[in-house]
Amino acid sequence: MKTFAVAMTAMVLISILAATMALDDTLTQNLPMINVTALKEQVPTERIASAVSSISFETLRKNGTYRPNSLSRTIPGLHIPDYGASMTSTVYLRGLGSRMDNPVMGLYIDGIPVIDKNAYDFDWEGLNGVTMLGGPQGTMYGRNSMGGVLSLSTISPLEDSKPTVRLEYGTANTFRAGISFTTGSHAFSATFRHTDGFFMNVYKNRLTDPYDGLSFRWKWERHVTERATLTNILQANLSKEGGFAYGLWQDSVLHPVSYNDEGSYRRLSVIEGFKLHRCGDEFKTDVAGSLQLLSDDMHMDQDYTPKSVFTLQQKQLSGAGTLEFTLRRADAYALWQPQTGLFAFYRLNSMSAPVTFKRDGIETLILNNANSHIPEDIGYLAISDTRMPVNSDFLIDTWNTALFHESVFDLDRWTLTAGIRLDYEGGTMDYDCMARLHYRFEPVMTADRELSVPYKGTVSHRHFEVIPKLSALFRVNSETALYATLSKGYRAGGFNTQIFSDILQNITMNAVMKDLGVHLDRKFVSVTAGNTEYDPETAWNMELGTRFNHGPFRAQASVYCMNVSGQQLTVFPPGMSTGRMMTNAGRSRSIGLETVMSWNPERFRSHVSWSWCDARFISYNDGNADYSGNRLPYVPEHTLDAGIGYSFRLGSRTLDIDAGLNGAGPYSWNEAGTQKEPFRLKVSGRIAMVLGDTEIYVRGENLTGTQERSFYFKSVGKEFFASGKPRTIMTGITFKL
Amino acid sequence: MKKTLFLMLALAAVLVSCDKSSDEPQELKIESADYCGDLSVEASSGLFTMDSIKVAFNATDKADSASVTLFQVKFAPRMPVSLDVTIPEITVTRTEKGGILTVDSVVPFAMGGKYPNYTVKDFEGEIVDNEITFSLKFGSTPTSYRGLLIEEDDKEQ
Chain A
968 MKTFAVAMTA
978 MVLISILAAT
988 MALDDTLTQN
998 LPMINVTALK
1008 EQVPTERIAS
1018 AVSSISFETL
1028 RKNGTYRPNS
1038 LSRTIPGLHI
1048 PDYGASMTST
1058 VYLRGLGSRM
1068 DNPVMGLYID
1078 GIPVIDKNAY
1088 DFDWEGLNGV
1098 TMLGGPQGTM
1108 YGRNSMGGVL
1118 SLSTISPLED
1128 SKPTVRLEYG
1138 TANTFRAGIS
1148 FTTGSHAFSA
1158 TFRHTDGFFM
1168 NVYKNRLTDP
1178 YDGLSFRWKW
1188 ERHVTERATL
1198 TNILQANLSK
1208 EGGFAYGLWQ
1218 DSVLHPVSYN
1228 DEGSYRRLSV
1238 IEGFKLHRCG
1248 DEFKTDVAGS
1258 LQLLSDDMHM
1268 DQDYTPKSVF
1278 TLQQKQLSGA
1288 GTLEFTLRRA
1298 DAYALWQPQT
1308 GLFAFYRLNS
1318 MSAPVTFKRD
1328 GIETLILNNA
1338 NSHIPEDIGY
1348 LAISDTRMPV
1358 NSDFLIDTWN
1368 TALFHESVFD
1378 LDRWTLTAGI
1388 RLDYEGGTMD
1398 YDCMARLHYR
1408 FEPVMTADRE
1418 LSVPYKGTVS
1428 HRHFEVIPKL
1438 SALFRVNSET
1448 ALYATLSKGY
1458 RAGGFNTQIF
1468 SDILQNITMN
1478 AVMKDLGVHL
1488 DRKFVSVTAG
1498 NTEYDPETAW
1508 NMELGTRFNH
1518 GPFRAQASVY
1528 CMNVSGQQLT
1538 VFPPGMSTGR
1548 MMTNAGRSRS
1558 IGLETVMSWN
1568 PERFRSHVSW
1578 SWCDARFISY
1588 NDGNADYSGN
1598 RLPYVPEHTL
1608 DAGIGYSFRL
1618 GSRTLDIDAG
1628 LNGAGPYSWN
1638 EAGTQKEPFR
1648 LKVSGRIAMV
1658 LGDTEIYVRG
1668 ENLTGTQERS
1678 FYFKSVGKEF
1688 FASGKPRTIM
1698 TGITFKL
Chain B
22 MKKTLFLMLA
32 LAAVLVSCDK
42 SSDEPQELKI
52 ESADYCGDLS
62 VEASSGLFTM
72 DSIKVAFNAT
82 DKADSASVTL
92 FQVKFAPRMP
102 VSLDVTIPEI
112 TVTRTEKGGI
122 LTVDSVVPFA
132 MGGKYPNYTV
142 KDFEGEIVDN
152 EITFSLKFGS
162 TPTSYRGLLI
172 EEDDKEQ
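In the order they appear, the protein sequences are chains A and B.
Straight run, no breaks: the first sequence in the numbering used here ends on number 1704.
Straight run, no breaks: the second sequence in the numbering used here ends on number 178.
The set of hints was computed from the structure by calculation and includes no laboratory data.
The model shown is predicted, which means the values in this text are computed figures rather than measured ones.
Heads up, some of the hints might be wrong.
Unchecked claim - Heads up, incomplete: computed chain B residues facing chain A, CB under 10 Å, no partners named:
{"id": "1", "residue": "Ala80"}
{"id": "2", "residue": "Gln93"}
{"id": "3", "residue": "Met100"}
{"id": "4", "residue": "Leu104"}
{"id": "5", "residue": "Asp105"}
{"id": "6", "residue": "Ile121"}
{"id": "7", "residue": "Gly134"}
{"id": "8", "residue": "Tyr136"}
{"id": "9", "residue": "Asn138"}
Claimed, not checked - The calculated lysine-lysine pairs, modelled on BS3-like cross-linking and capped at a C-alpha distance of 25 Å, are:
{"id": "10", "chain 1": "B", "residue 1": "Lys83", "chain 2": "A", "residue 2": "Lys1481"}
{"id": "11", "chain 1": "A", "residue 1": "Lys1481", "chain 2": "B", "residue 2": "Lys118"}
{"id": "12", "chain 1": "A", "residue 1": "Lys1242", "chain 2": "A", "residue 2": "Lys1084"}
{"id": "13", "chain 1": "B", "residue 1": "Lys95", "chain 2": "B", "residue 2": "Lys158"}
{"id": "14", "chain 1": "A", "residue 1": "Lys1692", "chain 2": "A", "residue 2": "Lys1029"}
{"id": "15", "chain 1": "B", "residue 1": "Lys95", "chain 2": "B", "residue 2": "Lys142"}
{"id": "16", "chain 1": "B", "residue 1": "Lys95", "chain 2": "A", "residue 2": "Lys1481"}
{"id": "17", "chain 1": "A", "residue 1": "Lys1481", "chain 2": "A", "residue 2": "Lys1423"}
{"id": "18", "chain 1": "A", "residue 1": "Lys1643", "chain 2": "A", "residue 2": "Lys1274"}
Even glycine gets a Cβ: it sits at the ideal position worked out from N, Cα and C.
Whenever a hint applies, use it, and build me the whole structure from the sequences.
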């Protein structure tokens, strides 16, 4: 609380300082426009009463930020730990976030929402830049935008854009190539990346995280009439990778990655979107729709040991359609600027997630558990199978429909915004599971008996959410603005599919016992399918912020207090459980400060992005322990990204030298706070020689080789960590033709 | 005349009744049925009783032999599991009131196969009206049971 008070004071001081430093306090209504085509907001980003971070593609490229995950920490408070594979892009923002299922951040590409979180992590090329709106943006963006919205704006054939070719090569035999160009009404971009991988699986004696990925985008855009613009965007990503570089944590030592079964991920993601923008005399209308396909296949050694315990395959084929219609006033300078919209989406996901228990798993996870309940003098259970599949097939449909309205009142120095969204979402999950085994009760039975245990059914949920927003922005002068916002966001509910192997395991053991005529006093207990549905998580956000722009100096700071109800957290069922499940853990609150400052006079450049967050459970008892008052796991207390650079003129050439620091922490790895990660800094640097439209560079990341743990989990009672990427050096060349 | 006619009818009724009793002995039909009752086990730690124990009596087609299955029984109070045990090859001797059940020695079925550790000895019992009673030794453990027929209506409930 003390830190929060300090942060508040600091923010107020920045505001006062900014107001004092202002050279010209004449109000300027027409503030410089930043490209906001990918945002829904009617006003320029300077007048949005939220924390806004805009980064140009040129800056992203220089920093080596080539995918959404790499934005972690660059945007204050944004933490996307790099672990696992492309499907595991877990986003943490302002104390919100969880390892599985729905994200807390909405991702938009040219105004088209990316529905499936598994498609969030992809390599990009041909962007104009990215813009992050921090804090709950539920009123305009709906579900899963309670932590913020990341909006990518791609190059348009309607704008001047030089054809660009990029080539990069470096550590771990990493090769990256990218190309982007426009011609006529078309804009194309493509990028390919290969890496051999960074982490050795010592059991297999080969790298565990190789990656090959190709991203492609075609955008067609044309003014079809004087008043109407039609846009079509086709984006596809294809990747094949290893991953899941998890090492055993034992006796305070992180052991190397060592497991025997396959760890891989393949994905095809296609998004076909269209937009029609029409500007009439009175109203502007926008229609945006998309069809989205995701097909992926993940293989995972779930015990992450050299033993043949159990594996998971998760194969999905998901199709989604979105449609949004918005109507707004044409006069951008009108006092009252209303915007009303309708949104709907439908997603159908066919998922197969078989868990295969192998011999060691049958012995340790199933038989040891079962026989511990049976007196030795009666006998013991034996399963002769070398592999015991527990098949789980799911058909999950999710739908959402929403009506939203936002009114912006521009009153001299004030911009007042009020909005509301009525959001109705539902879903159904059909589950069809089957476990099959051959068992024998020794010494009584003389032959194996086959047993099939089916488990079928349907669960569904419906939720209605009202998402209001109120904000006020006051322009102190042409350089300084203050704002206050009260907003709400929500993260959709869903179904736990991961826990079904656990359910089946217990049902199977009970079925075996019933088949034998053996009745345990203490049954094999687990949750049932009826318990697998979890509710939406909602957050109320109160935020105060300021912006200050003075010449080459820009600053932005905000303090927030968020109250979260029904916080969705991953919980590992107690004992020798193999599954994991999402649960509405109770209540939590986050308070924090986010600030960005940059000073770029002529050839010198510098920036600092820093956030502080104190996210704690208000009430959370998982049945085994009370975690009230503890910090939320995985949420860093601080994120920091800072950099300085200078461009030296050498005749017609320019030498760019940049250095940076990037870090996050401390944070807890579990609810109890028994495993913690300290704040760790990584050093980066870049030297580039610019010759006209050609640039040759060398870039280094994590130059000091800081050993950071990027992810933690427990499996079968054992603790595992993923490590952050080691030192990487990349050299590259960029041509602008 | 009326009195004569009444006497003749009464005599005929008596004759018919006698005729029937002479051709078919008065035995109740032994049928498969489920019973619910108390099981008493003289364990080494002392006598203990389990109530509401279900027993299934399964007669053969000829009803001269049967099996009895005891559901969810324990042979010691602290036994962490209960078992379904089937006693096969029980000889059924029909009587006027029901049937007498006997087995000298037989290996029961439990846990998916024959379970010689609990070989049944000295099984003696009877079914009378809607009640079954029997006593036996499971291995060396004296055990007795008394249960009442579960009516179809009760089963449905």
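Outcome of the hint check:
no. : hint                    : verdict
1   : Ala80                   : violated, 21 Å
2   : Gln93                   : holds, 5 Å
3   : Met100                  : holds, 7 Å
4   : Leu104                  : holds, 6 Å
5   : Asp105                  : holds, 3 Å
6   : Ile121                  : violated, 27 Å
7   : Gly134                  : holds, 4 Å
8   : Tyr136                  : holds, 6 Å
9   : Asn138                  : holds, 8 Å
10  : B:Lys83 <-> A:Lys1481   : violated, 30 Å
11  : A:Lys1481 <-> B:Lys118  : violated, 36 Å
12  : A:Lys1242 <-> A:Lys1084 : holds, 22 Å
13  : B:Lys95 <-> B:Lys158    : holds, 13 Å
14  : A:Lys1692 <-> A:Lys1029 : holds, 18 Å
15  : B:Lys95 <-> B:Lys142    : holds, 17 Å
16  : B:Lys95 <-> A:Lys1481   : holds, 15 Å
17  : A:Lys1481 <-> A:Lys1423 : holds, 19 Å
18  : A:Lys1643 <-> A:Lys1274 : violated, 28 Å
Hints 1, 6, 10, 11, 18 from the earlier list are contradicted by this structure; the remaining hints agree with it.
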